[in-house]
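Assemble the complex: chain A is given as a structure, and chains B, C, D, E and F must be docked to it using the hints.
Protein chains in written order, with our numbering: chain A, 24 to 328; chain B, 24 to 328; chain C, 24 to 328; chain D, 24 to 328; chain E, 24 to 328; chain F, 24 to 328.
Check before you lean on any hint, since a few could be wrong.
Since the list gives no way to pick one copy over another, a pair counts as held whenever it fits inside one copy or between any two copies.
[As the list claims (entries may be wrong)] No farther apart than 16 Å at their CA atoms in a straight line, the calculated lysine to aspartate or glutamate pairs in the EDC-like style are these:
#1 Lys82 with Glu293
#2 Lys82 with Asp296
#3 Lys304 with Asp156
#4 Lys82 with Asp272
#5 Lys134 with Asp150
#6 Lys202 with Asp156
#7 Lys134 with Asp87
#8 Lys218 with Asp240
#9 Lys97 with Asp75
#10 Lys288 with Asp272
#11 Lys288 with Asp156
#12 Lys304 with Glu320
#13 Lys298 with Asp156
#14 Lys97 with Asp72
#15 Lys326 with Asp150
For the record, the hints were derived by calculation from the structure and aren't laboratory data.
Letter by letter, the chains look like this.
Protein chains: 6
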Amino acid sequence: MTQNLVYLNGEYVPADQAKISIFDGAISLGMTVTESTRTFGHQPYRLRDHIDRLYLSLKAARFDAGMTPDELEKLTLEVWEKNKPNYAAGTDAWIIHNITPGQWVPSSGQKPADSSSTVMIITLPLDLSYWADFYQTGCHAVTPFTRIQPAQSLDARIKNRSRFIYTLAESEVKLVDPKAQSLLLDTDGYLSENKGGNFFLVSNNRIRTPSTINCLDGISRQSIFTLGKKLNIPVEECQLLPYDVTTADEAFFTSTPYCIMPATKFNGLEIGDGKVGPITKQLIAAWSDLVGVDIIEQAQASKVS
Amino acid sequence: MTQNLVYLNGEYVPADQAKISIFDGAISLGMTVTESTRTFGHQPYRLRDHIDRLYLSLKAARFDAGMTPDELEKLTLEVWEKNKPNYAAGTDAWIIHNITPGQWVPSSGQKPADSSSTVMIITLPLDLSYWADFYQTGCHAVTPFTRIQPAQSLDARIKNRSRFIYTLAESEVKLVDPKAQSLLLDTDGYLSENKGGNFFLVSNNRIRTPSTINCLDGISRQSIFTLGKKLNIPVEECQLLPYDVTTADEAFFTSTPYCIMPATKFNGLEIGDGKVGPITKQLIAAWSDLVGVDIIEQAQASKVS
Amino acid sequence: MTQNLVYLNGEYVPADQAKISIFDGAISLGMTVTESTRTFGHQPYRLRDHIDRLYLSLKAARFDAGMTPDELEKLTLEVWEKNKPNYAAGTDAWIIHNITPGQWVPSSGQKPADSSSTVMIITLPLDLSYWADFYQTGCHAVTPFTRIQPAQSLDARIKNRSRFIYTLAESEVKLVDPKAQSLLLDTDGYLSENKGGNFFLVSNNRIRTPSTINCLDGISRQSIFTLGKKLNIPVEECQLLPYDVTTADEAFFTSTPYCIMPATKFNGLEIGDGKVGPITKQLIAAWSDLVGVDIIEQAQASKVS
Amino acid sequence: MTQNLVYLNGEYVPADQAKISIFDGAISLGMTVTESTRTFGHQPYRLRDHIDRLYLSLKAARFDAGMTPDELEKLTLEVWEKNKPNYAAGTDAWIIHNITPGQWVPSSGQKPADSSSTVMIITLPLDLSYWADFYQTGCHAVTPFTRIQPAQSLDARIKNRSRFIYTLAESEVKLVDPKAQSLLLDTDGYLSENKGGNFFLVSNNRIRTPSTINCLDGISRQSIFTLGKKLNIPVEECQLLPYDVTTADEAFFTSTPYCIMPATKFNGLEIGDGKVGPITKQLIAAWSDLVGVDIIEQAQASKVS
Amino acid sequence: MTQNLVYLNGEYVPADQAKISIFDGAISLGMTVTESTRTFGHQPYRLRDHIDRLYLSLKAARFDAGMTPDELEKLTLEVWEKNKPNYAAGTDAWIIHNITPGQWVPSSGQKPADSSSTVMIITLPLDLSYWADFYQTGCHAVTPFTRIQPAQSLDARIKNRSRFIYTLAESEVKLVDPKAQSLLLDTDGYLSENKGGNFFLVSNNRIRTPSTINCLDGISRQSIFTLGKKLNIPVEECQLLPYDVTTADEAFFTSTPYCIMPATKFNGLEIGDGKVGPITKQLIAAWSDLVGVDIIEQAQASKVS
Amino acid sequence: MTQNLVYLNGEYVPADQAKISIFDGAISLGMTVTESTRTFGHQPYRLRDHIDRLYLSLKAARFDAGMTPDELEKLTLEVWEKNKPNYAAGTDAWIIHNITPGQWVPSSGQKPADSSSTVMIITLPLDLSYWADFYQTGCHAVTPFTRIQPAQSLDARIKNRSRFIYTLAESEVKLVDPKAQSLLLDTDGYLSENKGGNFFLVSNNRIRTPSTINCLDGISRQSIFTLGKKLNIPVEECQLLPYDVTTADEAFFTSTPYCIMPATKFNGLEIGDGKVGPITKQLIAAWSDLVGVDIIEQAQASKVS
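Chain A on its own, in the form it takes in the complex:
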């Protein structure tokens, strides 16, 4: 088996040797714009959608990647081709883009004129073992003390790795349950998102999710709208409150790696009857159909391995 290679500023390096200067803006300023794509059956899933969103994030972040979206797409596929041989049938990969403005030594007060952006393209085996059980049992969603910042501070749609807030939130909910998954509220108390995932709930056969004023416009989130249309289940954006979760029939998170993670408990209370619900199951099945991979089975397998 060959080594996992990472693209790093024009070079291919083995993942365990992929390093960047401690003076890079990624470290000195948390200034990394990012995307996470995954493959299904070794095919990158909606890669171009992810790359397009990356360029919107870069525009809003006011720095550039030093290449066009077409170039980045081509390069990404090249990276994936290089690493694909390492992936056994039935397994899949995460494809991560990290773009930073490059060197930014703090003592100079400003980004040096000759500094150019840092581009990382990373593929990693998609290890779903952490989430595998949740497809059966559902997870426990808990609202942390920390509230997501309002959009006038930083719009949650700019996908970036300056994620102190989300990481802290994730630590906090572990006080309630060591396996709890955070569900952040915004500063007005409305539901927003999880570190890396969007949130949905089902009541009276209607699916509802927060609008993107306080959360990422996730590609997986968009898939729920598509699947809802296909399955004839209405999907709506609206302002949601903890009470809506407490009284919902079903709930789930969506994110690139696990697609759909059912939630069956919220702040210590059972959601619905405390079991993964029928609409959630229907959505997972439809998604599996769409991509030709049995999502739950794959997760179970990654757990065993």
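Leaving out everything else, chains B, C, D, E and F in the frame of chain A:
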């Protein structure tokens, strides 16, 4: 001249070869707790105060440095001793601590059990050339579009490098003036701080500064309270608004590298008579006295070099 | 005529002797979850909907009733059967459920382990005399000083009797007009609800009402959506402001006892032409049809008696 | 031993038979204004201060008690005299006032003209066993999901029993730790109070507590200002955030029954060194001196009994 | 050419002699309710809609015009007929209504009993030269420091001339670009409006605009809904953020004089490809068709003259 | 008796003929910066303080007066000298400055380059009859529906005549009491100010007033700080809520014309014992002493005349 050495997880490496894994939480989560100390006449200034604050930040961030404050202080002095010979008389150094929770590969869902914190101790020549002119002319403070996040999202007193918001703000003010310095407002419209600096204004011989509910409790900020007491000028914390800057007699920022940076213009309007004011000058002189280094002269020299 | 009997923790007691301990959580903590149903022509109207909502409120309040919804429904009908003989033709009854966590002596710091919930099921003659004139003249809606608490303090959908805020609001509007009915705003200045009633307005043949982020999801409120569909009049949820009332064509409140109470004046200004409007009248007529009781006539009769 | 007698609307009734109508505003509207006083060595402590505050609360609540403060004070002492013989040396009593507007049958729309206020004066053995251990170990303060309502909804200084929010908060923190004590935040994320207690923290030998814009102006809270002056420790009111607790040296709650309850843990993190601090101990000792009762010893004794 | 005549409280006066007392509420209180209508091909466009809105504003402002809407409409047409002969073919006019409560000498504390409203009806040549280039190049929209007041302070739908906030905002954006057009945010950071114009953006062939909770319900804004329906392009109201403009395909303002003003730059970043977009062009063309005037050509002509 | 002359852009005109163009920014934009000074015994009181504040307001408003503060002061005294002969002994005058940016025809999109500021200097007999009775009875302070705009919309310290909000508020409180005086709250529910006056309350011999984050820094307000110092009564700035007024001992407004206006009722409840309090009386007496005019007597006289 020997090489500038950086302490990186137990090893000394030349600064230009100091690199960390792209899977470190610094990069994947922006999860770096930090401090910036400086030397005056080659003596670290209030190093222990900085280290104590670092440990408060770590506690609030819910991860640890893998060593005690005493150990870190000792190590820091060791790093400085190693590099000091490189520093000519009249020059000084920045001492930077970056602590991260270590490796945090996203696909695993959680911090790996065997990951331990990453500790960086960095010394850098204190290049003040960017700020040197501002001692004479004052800088132009401008309020950016971006608002600092409220404390219920992330308390500004936790000194960290997840600084997307501040970096964006700094880019935005350049639309008004390529040399503008950001002065962020909070989400209620009150003055908070600058990326890396606190803000003060002087009206009727009274110094005022925002309270620490929305800004860092800067060590340099504390020095103004000390100097104010010494010079018999009252220094007060209160809620401040843009109107207070517009109608102030004088204004300045404080930060570890430049100590005091006068501001003589605010959102296009002159502050007072548009010149560096007498109390600001008095404070710079008193600080220079205190540390035995002529702050302005040193900055001028760094510009020339 | 037999006595009006109240169900109180397993016993039937005459209403005027129905008492609970002053150490009950109802009194010591205002911790009463509640529902108000009414009969039309001696038939309980949407009783099960009320009971289902009661159980959602209890879940959100984190205590239980000590019986299942089915048991409570059965018991409620039993209470009503016992008291029905007292009700003359043309009159109707209020059916009230009050559930509390039971004894909660404050000095013990916590709810005693052996304390069990208090269940009250009350029927009362539906005396509509207070509202009767408003069907013809409309009432005067006035915004009080007191603002409804935001959902992150207490979600207005948890129907409870901890109603200090609403009662105070009701006292305040009497300063403007001794017959004024309160229309509370939320802390952002949006319309919410009345103590016990939802609010609707009509503009250009469109009915609008606040969404349930700041008000009860009233069963009577739901009836307006049903009637609107039947009458082919669009009914929408949205954020509404005082200006919307000032410039509306018609307005009304809905609540279990009076169903629809027209409002023809708002903060001293006439709504529309100051008369009960055609769509409001149409809705009252359609509701009367639906339930087989002339709502206005019944109210007039209760006034005479 | 004679029976514990409660004053209820002009009559003395045994506590276990003290009941009020289920149609009282206490139950139908949560409309109870209240005070809790205690005795030290069988002497009511600052009874008149409590009664004066009760009358301020009543004024703000816009209903009256049907008697003057002097009459209520006299009556209270009479109640206490009647029950005092039941109290062994070393034990003390809670004295509770509950005032409601009286009967308020909902179907009438308004308070009936002939309804007069309900007055309850209750004495209870002061059972401190629940808190006794906290004097040695400190308690675990946890911030609940629920936020205290803002003052424009209901001013926290109006002491009342419409405490749904506080009771819910208390249930929520038990998810983190079955012995946790709630520390509510307000809707801007600032520290406010506990159900029934104020909060203080100690940093650098300075005591700080939230100002009364979002919490009760507790009589015990006032005692800390008095004791601080006596012990020469500055006590300040200011806006406080969770970070202030995380980084404090010591912390404690104050309330009528337990006087001072040390807190040594906050949201899972140790406060200071995780032990009851020296200033907290000094305050408890000074308070014991002041009232001639060893507060800790009394609590321990109540635990044993 | 005859003189431009203004209607002022019952008299016709030449525009350059039209003056009002410095003690009028317009000056002493900024208390002017207003409307701006324009003609297309010398026909007043939706005059009655403007007058109806004027009367809603007056109602909300709690003073009256001293005449009925019918009378005001008739009078307005009379003013226009008098001045129309001055207008060459191809040119058009602005028709402005200003209504004030009349004399309001401050020293009397209140509006004098004998003061009656001031009514101004003004026609002015519609000089579009300031905006003419923007039809080709698009304008630069910039968010000012100043935020529009929330509706609970003053509902933006009450069209009035108390426009200190908007005028200040317009000055502020000139710091970024001397030709910048302000795009105000509200106090939560959402897009609202421009001084005198509404804002729209186009993404994925969908037109979106802020709902009227924080902006004027512009008659020109309503025209976009009408044209959108005609052109089969969906138009939606929703909460919008700066990120939505940054990532939009197209954007434009609407206002009575210029109808549609394309925006191609936002806070220094190009919108879409930085050119006036196809849907914007389609809308301008459709509007020109509707009113029988080539809007762009007319603007160009007014620039030349 | 000679005519009352007004200074208007370089000319003296009789007050009843003082008019400005309807195209002045005062009318078209509500863009008037202003000051109100008064005389005591025919001596202008703190005129220079008023003029200095006027220039701060102008700076913040980003336009200028076309003359220096010295020139304006000289001119003001000249205007007063011209009109003084009209004033009988015992009477006094109001001196009003109104400064506008000058002509600002809306159709031009911007202020015309050749437009220069409009300067009005007005003296008026100080008619105190409206307030005269309040010195004996106190006024009724009522909180209106309308909330003062937050400082991030418009800082209340910029004294201007764009006062739609305040005028509306004043109309609203008349619904409660035809003689009510408005006491505006800000959008967080804190006390701010009155149209033209600051607010103070007295509790336990301590005077408190809102800080200037939401109200004018009134010259009369400053006088209370001066008088408090002289009389040895502490005066503090803090956040105040309606509850503070409800439970205060005394309350009053301050403003240039009436100096101090006692308030004895608040939202229908008596303040203290409902009579003008001893500290309020002491302050009025001390003020009268300071300026050599019996303030109450003068007001009574103006009522008689």
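In ascending order, which of the hints set out earlier in this document are inconsistent with the structure? none
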